Each structure stands twice: as C-alpha cells, then as structure tokens.
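Novice: Residues per chain, in single letters:
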Amino acid sequence: MIVRSRPHWLYMLFVLRGSILPKIAPQLTIISLFSIVVTALHGQILHFKVSLNFVPFSLIGLTLAIFLSFRNSTSYARYWEARTLWSQVLSASRSTARKALTLTTHPAAAKQVILYLCAFTHLLKHQLGNTRPSKLLRRFLDEKDTRRVLNAQYPASMALLLVDEWLGARLHAQEVAPPVAAAFERNLDELSTALAGCERIAENPIPFPYSIIIHRCVYLYCFWLPFGLLDAIGFMTPVIVCFVAYTFLALEALGAELENPFGQDPNDLPLRFLSWQIEGSLLEMIGEPPRTDKPGVEKHILR
Amino acid sequence: MIVRSRPHWLYMLFVLRGSILPKIAPQLTIISLFSIVVTALHGQILHFKVSLNFVPFSLIGLTLAIFLSFRNSTSYARYWEARTLWSQVLSASRSTARKALTLTTHPAAAKQVILYLCAFTHLLKHQLGNTRPSKLLRRFLDEKDTRRVLNAQYPASMALLLVDEWLGARLHAQEVAPPVAAAFERNLDELSTALAGCERIAENPIPFPYSIIIHRCVYLYCFWLPFGLLDAIGFMTPVIVCFVAYTFLALEALGAELENPFGQDPNDLPLRFLSWQIEGSLLEMIGEPPRTDKPGVEKHILR
Amino acid sequence: MIVRSRPHWLYMLFVLRGSILPKIAPQLTIISLFSIVVTALHGQILHFKVSLNFVPFSLIGLTLAIFLSFRNSTSYARYWEARTLWSQVLSASRSTARKALTLTTHPAAAKQVILYLCAFTHLLKHQLGNTRPSKLLRRFLDEKDTRRVLNAQYPASMALLLVDEWLGARLHAQEVAPPVAAAFERNLDELSTALAGCERIAENPIPFPYSIIIHRCVYLYCFWLPFGLLDAIGFMTPVIVCFVAYTFLALEALGAELENPFGQDPNDLPLRFLSWQIEGSLLEMIGEPPRTDKPGVEKHILR
Amino acid sequence: MIVRSRPHWLYMLFVLRGSILPKIAPQLTIISLFSIVVTALHGQILHFKVSLNFVPFSLIGLTLAIFLSFRNSTSYARYWEARTLWSQVLSASRSTARKALTLTTHPAAAKQVILYLCAFTHLLKHQLGNTRPSKLLRRFLDEKDTRRVLNAQYPASMALLLVDEWLGARLHAQEVAPPVAAAFERNLDELSTALAGCERIAENPIPFPYSIIIHRCVYLYCFWLPFGLLDAIGFMTPVIVCFVAYTFLALEALGAELENPFGQDPNDLPLRFLSWQIEGSLLEMIGEPPRTDKPGVEKHILR
Amino acid sequence: MIVRSRPHWLYMLFVLRGSILPKIAPQLTIISLFSIVVTALHGQILHFKVSLNFVPFSLIGLTLAIFLSFRNSTSYARYWEARTLWSQVLSASRSTARKALTLTTHPAAAKQVILYLCAFTHLLKHQLGNTRPSKLLRRFLDEKDTRRVLNAQYPASMALLLVDEWLGARLHAQEVAPPVAAAFERNLDELSTALAGCERIAENPIPFPYSIIIHRCVYLYCFWLPFGLLDAIGFMTPVIVCFVAYTFLALEALGAELENPFGQDPNDLPLRFLSWQIEGSLLEMIGEPPRTDKPGVEKHILR
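Protein chains in written order, with the numbering used here: chain B, 1 to 303; chain V, 1 to 303; chain A, 1 to 303; chain R, 1 to 303; chain H, 1 to 303.
In short, the hints are calculated from the structure, not lab data.
Careful, some of the hints might be misleading.
Repeated chains share a single entry, so a pair holds when one copy, or any two copies, can fit it.
[As the list claims (entries may be wrong)] Distance condition first, Cα-Cα at most 25 Å in a straight line; then the derived SDA-like pairs of lysine to any residue:
#1 K135 with R272
#2 K111 with T146
#3 K111 with L150
#4 K23 with R216
#5 K135 with G287
#6 K294 with E203
#7 K144 with R132
#8 K294 with H126
#9 K111 with H172
#10 K294 with N151
#11 K294 with P205
#12 K294 with N130
#13 K23 with N204
#14 K294 with N204
#15 K294 with A152
#16 K144 with F48
#17 K294 with I206
#18 K135 with G263
#19 K49 with P238
Predicted, not measured: the structure shown is a model, and the values here were computed from it.
Next comes chain B alone, as it looks inside the complex:
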C-alpha cells in the first residue's frame, strides 16, 4: 500500500487500515490472553512458580532487536531494489521509444517497438505473479507473436527477442546506422538486466533459516515475557507484554511481507499500477492513450 501524504500525528496513533494489525491479530490475542492468565495466577503454572525475572530478557531482548533489525533492513533492501528495477524498466523503455521515434530514418516503425515494450512490461508483471496474460497481450501483439510469447518458458525474455528482431530488421534495412543500433542495445541490455534482477528477487528469498530463527526467537520471547515482568511491574504486565509483542510481531510480519515484493500482500509493489504507468508513458509519445484500464484502489490498496 502506498500512502503519499503524511497524516496527522494523532491520526497515526489510531489508524487501523494500512496497519499490519489484522495479519498478527490472532497471535497477538493469544499472547495477550496468556499474559493475563499468567498475571492472574501470579506466575504459577500448575502450582509451580516459574522462577524467571527480567535478567534473561534484557540479555535476549536486544539481541533479538538487532537481528530483527538485520532482517528488516534486508527485506526493505529487497523491496527497494525491486522498485528500482521497475524504475529501470520505465527509464530504458522510454529511452528505446525516444530513439525509435527520432534516430531511425523510418519513424513510423516506432509504434511497433513501443507495443513490444508494453507487452514486455505486462509479461514481466505476469511472470513475477505466476499468472497468464493471454487476453491482455492481444492488445499489443498480433496473433503469431502472442502465441510465440505465451508458449515460452521465459515469456518476458522472449518479448525482448521481439524487440531485438525489430531492431535487426531496421539495421538490415539500413534505417538505422550501426553505432545507433549499438546505442539501442544499451537500453535493451538494461531491460535484460532488470528482468534478470526481478527473477532473482522473485525466486531467491532470504535464506529460510533466518526467517525460522528470528520467528522462533520472537515468539518464545513474547510467550515467556510475562514471567519475566510479573515480579517487577505486577498487574501492568499484560499491558507491557501486549505493547512489546505488537512491536516485535508487527516488524517480523512486515519483514516477511516486504521480503517478496512481488506478492499479493497489501504492502507489496503495485505492479498493475506500475505497468499501467509505463504503458501510458510510452503510448503518450505517439499520442495514444493507454490500452489497459487504470487499476483501481481496492480497500485502500493500490494494486
């Protein structure tokens, strides 16, 4: 979810939408109830007093915070790299389109390559989301190209081949000088790099044991915390446990969402919107409106 303007500080204390709260509500409830029970029983479980105090929690707590911070930094770095790669797709597509419109001796052919680039963008979106874009593709490609692309294992890469074929045809027809063709290729290489980068992020999450170790640490810490605080702060224990658990669980859940920025979670990248933007910016150069509909906002979330 993308929220652009900064809300009032009071509003931000109580807002629910956009918060990660719904996702961690069950766990948070269980932990809170558990800490109420522990407090009510004075830390005794089956008439057996659990001899914990705050000492181990101050040893473990910050360690946990440091690793959770590592996890969040890494997840955010993946999220931001993914966003930057889409930015690169926008920039390299625009540059290709500009060159096609101005540096070839036959600018009418530029429309074709702009449609190929739109198809590439939508194919990238679908490849990352594991969906099939058969209908949508026909707005940009003819029947033969559509089939060729849809039959491929790596459809976005195949769409780039279409662009290169267009360029080769221009080169062989001497509509573009070889050094200018080399300048085109720089942009196509950038698209190829962005594609491989997106595939890398989509296919290769953070090593699973990191998630497991931090997940376990967070939950064990939160479940044991009531015993550690009970002697020190008495009946305020559930309040503090709930507060600490909210912070840790929320940060862990957010890290897990951002780790795969191409997913369907509310805070993932709005790929439909981004590819609509790229399409719009490319078609604008030849005076055409976008051929796909502007993605709407569902439940405050831009897709």
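Let chain B serve as the given structure and place chains V, A, R and H on it in line with the hints.
Specialist: Same frame as chain B, but now just chains V, A, R and H:
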C-alpha cells in the same frame, strides 16, 4: 534548509531556527505537562498507583532506538539518493551541452538544445512538486513545444523527447556522426534514469506500516516513561522525560520530513535553487545569464 | 535451500527441515547437558562455587550480538552478491544470444555461440565447485573445443575466448558491423566481470580471525552463561541457556554456511538449478529444449 | 591529516598531534570542572539534592551512541565518496591523456589537452575551497582561456568545455575517428560526474537538525552524567565523566569535520596534494615535471 | 591469510595459527596480570579503594562495541573493495587479451599486449608495496620499456600508456576498426579506474583520530574493568577481564590490519598470489605457462 558553515558549539545548543522544534512543539508540551502531573500525583491515576518501573523501559528503549535508527538511515538514504539524482541531471545536461557546442558541425544549433535542457529541469521540478509551470516554460520553449509538453501526462519525459528530436534532426542532416550521436544518447539515457529515479522516490514512500509502528512506539514510550522513572529519580522525572521525548520525537519528525525529499518542509531539497543552478551553468556556456530569478532565502530556508 | 511460499506462523515454530538445527545439534546438546549439571550442582564445580552473576554477561552479550550481526550481514552480502553475479550471467548470455540472432547477417551461426554460452555457464558451475564436467561438456562443444577447455587452468575464461573467437570470425567475415561487435563485447565484458567476481568470492573468504574470534566468543559465552543465570532464575537456567545457545549457535552456523555460497551446504546457491535455467532460457530462443536434465529436489533441497 | 604507518599501541595512547583533542579542549575542561564541583558538593546545587541516578543514563546513553554512530557513518561516507570522486578525476584525466597521446593522428596536440586537464583539477580544488587561482592558472592556460575560465560562475565546468573544444577541433580536422571521439567523451562525462558530485558534497551538508539534535543530546548527557554516577561510584565520578565526555565529544567533533571533507580542518582531504599528484601523473606522460610546487607538510598536516 | 575450508568447531576454539593472538599477546598479558593484582589487592591501590562498580561499564561498554563495530565494518569494506579492484584487474586484462587475440586482423601482435598487461599487474603490486621490480619486469618488457617504466613516478600508469601505444599502433595500421578500438578502451579505462582505486586505498587510511579514539577507549576500558567487576564477581574477575580484553583487543587489531589491505600483515591480501594468477590466466590464452614462480605458503600464510 542548507546550513554550510558549522556554528559555534554553544550557539548550537540554543539555536531555534533550523531546529525541528516548532514541528513537535504541541506533542512535546502535552507529554511534558502529562509527566508533571504524573510526578505531582506520585504516579497515581484516579487513586490507583501504576506499578511501572524502569525494567520494561530498558527492554523497550533500545529496541525503539534501533528501529528509529533504521528509519532514519532509510529516510536519509532516500534524501541523499534524490540529491544525487539532481546532481546527475546537472552533470548529464552539462555534458550534452558541451557536446552540442563542440562535436556537431553546426554549433549554432546548440542553443536550442540548451533551452530544451533548461525546460526539462524546470519541468522535473514542477512534476515532483505537482505544480504547473506554464509561464516559466515560455522563456525556454516556443508556443508549440510548450503546449505539447503541458498537455502531457509525463511532461519531463516529453521534454526529453524534444531533445531527442533535436538530435535526430542533427543526425539526419549529417551535422553529427552516428558514433557521436550514440555518445549524446548516453547522456540522454542518464537524464532518463534520473527522471525515473526521482519519480520513484516521489511516488513510493517507505512502507506505511513502518511509519505507523515506529510512530506508535515512540508516543507510547514517551507517555508511559514518567511512571517508569518516578520511583527512581523523583522530581527530576519531567526533566528527563522532556529530554528523552525531545530526542525521539525530533528524530521521528525529521525522518518523516526527509522521507519525501521533494516536499515543502524546511529540510527538503531546495529544488528551485538547484534548477536555477543547472539553468545558470548551461546558459553560461553560451554566454547568457539565467532567465529565471535567483530564488531568495525565506525565513532562513533556501527553497 | 529455497523456500518460496511463507508457511503458517505455528508451523514455522516447529518445522525441522530447512532449519539449521541438525548442524548444531551436538554442540547444543553438550551445552544443555552442561547447564543442567551446573544447575543441579548449584553452580559448584568440585565443591568450588563459581562466583559469576549476570553482570559480565550483560556487558558481553550485546557486544557479541553486535559482532555476530556484523558477521551475518557480511556473509549475507557475499551470498547475495554471488546470486547477483549469476543473475548477471543469465542477463548477459541472453543479451549476447539475442544480438547473435538478430544483428548479424548470418543468424544461422547464432546457434554456435549459444552452445558456447551454455558451456561457459556449466564450466563456471564446475570451476566454483572444483569438479570436472567432461561428459556434460560434449553436449555443447565439439571434441577439439572440449579438450582445449578441459586442459585449461581457468576453463570458464577459456570458454569466453571461444565466444570471442566466434565474434572475431563474424567480424572478419563482415557478418557483423564493427560498432555492433563493440556492443557484443559489452556483454562479454559483463560475463568476464561476473566470472572474476565469482572467483573472488570462492577464493577469498571473510578473514579467518573474524570467524575465530566470534566462534570463541559464542562458545565461551554459552558455556559460562549457566553460572551467570543460576542465582537469578534458578531451575529455569537450562531452559534459557538452551534458548540463548540455540539463537547464537544457529546464527553463527548460518553465517558460516552463507559465507561460501558456492559450497554444498543446504542453504548455498542451487548452482545446478541456476545453470540449467540459463541453458533453458538460451536454447529456448532457437526453439530447442535444455540438453541437461532438470535438477531434482533431494531432501527438500534444490541443488 | 593522513598517517600511513600504524604507530605502536603505547604511542597511540598518548599522542596529541593528529588527535582531535585541541578542538574539544574547552568544552571538555568545562565539563570536567563541573563534574568535580558536583562531586565535591555531593550532588547538591544550592543545597538542593538533584535526585538522578544511573537509570535514565542507561536508557539514554545507548540511544545516543546509536545516533552518534549513524552520524559518524554518514559523515565518513561523505568523506570517502569525496575521496573516491578525486580518484575518479585522476583516473579519467589519465585515460583522456593516454588516448590523446596514442589514438589521434596528431599526438603533438595532446600536450594542450593535458594542460587543460591540469587546469581543470586546480580549478576544481579552488572552486571547492572558494578561492581564486588566477596566478596558478597561467601556468597551464593562455591569457584568453584564463580570462574565460575566471569570469565563469562555474569555472571547472568551463574548463571541461575547453577540453571538449579541443576534442571537437580534432574531430573536425579528422585527426580522430568519430568512434574514438565517443570513447574520449566517456572520460569527459566521468570528469563531469565527478565535478557535479564534488559540488553536491560541498553544497549539501547533512540536514542541519541532525547535527543540532545530536549535539544537544551529547552535551546535555555529559553535563547531567555526574549526578547520575555520583551515588554509584563516588569520587571516581569526574574520571569517568571525563572519559565518557572525551569519547562522545571527540566523535561528534570528528563527524562534524569529516562531514565537509573539502574544508580546512586537519582531517579534511589534502586537496592541494591530490591535485599536485594528478598534475604530476599527467605531465609525466609527456616527460615534464609538475609545474606547481609539491605541497609541504605544515604542523604534521598534509594539505 | 586465506583459509578456505571451514574447520571443525572444536578445532576453531583452540587453533593458534591464523589467530590474531600473537599480535596482541603483550598487551593481553599486561592487562591480565594487572587484573590479577587488582583482584588480589581487593581493588585497593596504595591502600586506597577505587570506588568503581559495573554501572559506568555498562554505560560505556556498548558504546564502545558500537564504535568498534563501525571501525570493523569500515576496515572490512576497504579490504573487500581492494579485493574487488584486483578482481577488476583480472577481468579487464582478460577482456583486453581476448579482444587482442580475436578482433584484430593481426592476432600475432596480441602476445605483446599480454606481456604489457602482465607487467602492469606486477607493477601495480610493487607500487602498492613500495618495492622496485627491476628484475622481474625484464621477463615481460624489453630494455627500453623497462627503463621507461622504472623511471616513472607512477609506474603502473606508465605501463597502461604502453598498452595504449600498442592499441594506437594497431589503429593507425588499420589492424583494428575504430569502434573496436573504442571497445578496447573501455577495458583500459577499467584498468585505470582499478589502479586509481588501489592508490586511493593505499594512500588514504581511515582518518587517524578514529583509530586513536577507539584505541584509547578500548585500552582504558580494559584497564579499568577489574575495578568494575571485582565487587560483583570476585575471584572470577581476571577470567572475565581476560575474555573481554581478548575480544576487544583482537577486533581492534584485526581492524587495524585490514584497514591497509596492501600491507605485509598475515591477513592482508595475497598480492603475489593474485598477480601470479592474473599472469597465468593471460599467458594461458596464448598457450604459455606463467613466467614467475608460484608464490609458496610461508608459515600457513599465502602471500
């Protein structure tokens, strides 16, 4: 706000302007008053003693500091990347202008492309600030180009197309050799990358839940802190609470400002000044003064 | 091991596969038993009470966490850089293949270079794993080239020379214009950079003393921890020691695994799968299926 | 100041020169005296006992350390980026000179461009230091070029235009092939990027509120610390306060020095030495000694 | 020192070689003895009880850890950047050699440039180590070139000029097309960048005050620590002090070693081995063995 020379250390302790204090004054006052009330009532609320001590605050405090630090690093990285992108606009525009003046066989045409580049810079500034630059643009573009650019959804990208059209005209008139045109294109690709990068930062803030979680954490911490300190340090509680709250609220507010470096906050990038600089540096090469006025300093803030 | 979908939070608490647990089981058992003995003997060893409490552990614990975090960040950065380099191999190979198919006047020759690129990928995999790929190579190279490559000290670099020889032949036969050949070279330089980068990561681990200092610190800390906790939390000591030791040992072991991402550990990069993917994506462009078998998943681990 | 060989560990404990101590001596003295007075009066000010203990200081201390660390990392990153940009100037100037000497058909003209590059370097140094290099410039430029450069608002950028004009003249006289001219331009673009990067660092410090918040935090912490330690460690208070204050003030002062690496502080970059080096390396290629004097070492500081 | 395979966890606890222990043995012994004396005298020095406890150490300890961590990250970053630059030398030399062998019409001339590149690598190694390679150079250069290079102030840069002269000769003899010469230049620019980067790291250490402040902090902390722990843990004090001092001194010493990765310390980069590798990989392409001897391993250290 940009302050270049480092002031005296005593002055820095008491200076108000440039400080983020005005922005957080209301919250800080509320928290301070609350902590005075709590201290006066000896931690009792409605004759009910809140049993908190420093233990949970030492557990939570550093965790909070670590995440606030993550937030600040991320915001600052966005701010600095935005500044670097504007630096790239300066550098790539200058390189284009230099090439236009020296490597074409018809250097008189270079003035045209320099005006296009100025227009691009001002359009980028206005696009990032969501304002319309109709009057200003006419100093650089003729009527037709102005209309074409202003009608576009992505005006800065359209201005780059003007530059490419200029280059294409030079290429087709054989005023520039194809390999040199490819060298021009490297700079235009850089401008395209900088444009897409600025759009990315402007459109895609840090995921909202980060802001929410950290915001809530900071405020809850500050509001509960008086109960935690009261037993330990007695009547000094409000002083320390005010000090801690100042640090945390100020850092949080500063992070929120820098997160969107293209905004109107005092510490955001001085886009008007930066684009005036780029314009000046470009026009200087053809012996002309800048066509827009030097932005003044309002309330110590360079815009 | 690559796990793509995020499992349920309860499942993640108890899952064993994918966990790093098996690797640290012996040490963890020893430490747990030791702490049980210490607790049972009330901290006395040979009737001699060890006068430790939590003070030194709070001094050392976080220091340790900070350095362990440094180690993990560094190991992960190596892992991710290695993955990115393989992404670069994919992207640069595809770009070379696209150019060979479209920008030369004799596209039939492109098949040859695609086979060379497949050979390069598999040779890179084998060079990083210190294995010899004699049989596999014959699927892509003729007898003479196979022998030439296998006799080399740096086989992957020799395979790149084959690609360059192919390009030189095209250039001298005027099937490709010199500026286009220069564009080919950009991709080959990228492959050369990726190769040298992989060699760097494979040959140059994190300086050994870092591993030693952190390893010793972790183990000494865990073995002494029972004495530090005993007075504070009594019979809960073994539980907490086991929890802390699990976290620290697991993170240290994971850091050691990721440090060399080209090894055979479960969390290392699935090089067989990655090179099969690159081969598949390249051969797809000339309408052929991959010539090597798809690597299977052994014990939940993608190789 | 640049110290290359690592001194003995004992020497490093007591060395004064190169230390940041002189800069923070007044503040450190005041804080030390204050803490002695506080200790002597047993924490009473005007017969009023200040009820502070170590609790708030352990809450605030680490927070402070984390933000001071953020500040130092950021300042050092600016310092190192500035140094890297000067490295880029060296590298790109050398590459331009090498090309001028070998790839043009009229290598005698190369001397001219080498002199232009020397002028560019010295102009960059003077622009960053806000000084005027009229006399020095005449060693490299003729009267007309000197005046043209000195009249400019952005002199270093104007010097790059001279280099481009030289290249344009070579191109139009067909002494250099267009693709080779494009290769020259790559280096000139690098110089342009380095120039814009240096301007960015010189003009855009770390947002001022960061400096203010951290500065205030450091000083308030140090002034209140005696009250916090008095009950715990008695007459040792001034020793510890002095030690803590030394660390925090020194790191803060060093961060402030490195933040603007182009200044006149002892630890700033030795711009005079660096530009002398670049000049020497360029003139060496045409068998000439440097035309400016080697900068001396004043008070152990290399300028 | 480079250790590739990960040893057994028990072995790593006791191994001495490769450890940084020898370097810090004197200091560590002094601190240990001092702490034994302090413990024996019950913290009294000259019948004067030093009133320290753990409070100031918990305030200072983590601060110290944070700054030590900053120092280690920075030193490691320098080490790794240096290694990456040597990787770039390998990659760019290979690419130049491949091009020379395949893209010129007179491949026999390629041997000459390969010898120049070997000379460049060895000169870089010697320049960074401040030694003179007169004898070794004659294996790659004729008498005239050797003298020219050895008389230079910046020998490695002069060797690059030789490569460029070779390229210029090919270009003027029309053995290489201008666009292909431009592609050569890309690699030579990379070599030039790597050279300037290595010079930067060799000449510009981390600002000296950082080293001083952290050094002093570490030593003062370790010398005062016994007083702080004595009351809390009694006769265990020397054990803990020794453990803490080992960790801090070792990390500080390692940071100091890695800071200058081109030195002669055991953990510095094995420059002799790396340049031997580059030479081997280049000569292999023309079917020749390396002309220098493989560097041996002395005292477990690869030079």
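Novice: Of the hints stated earlier, which fail here?
Specialist: Number 16 only.
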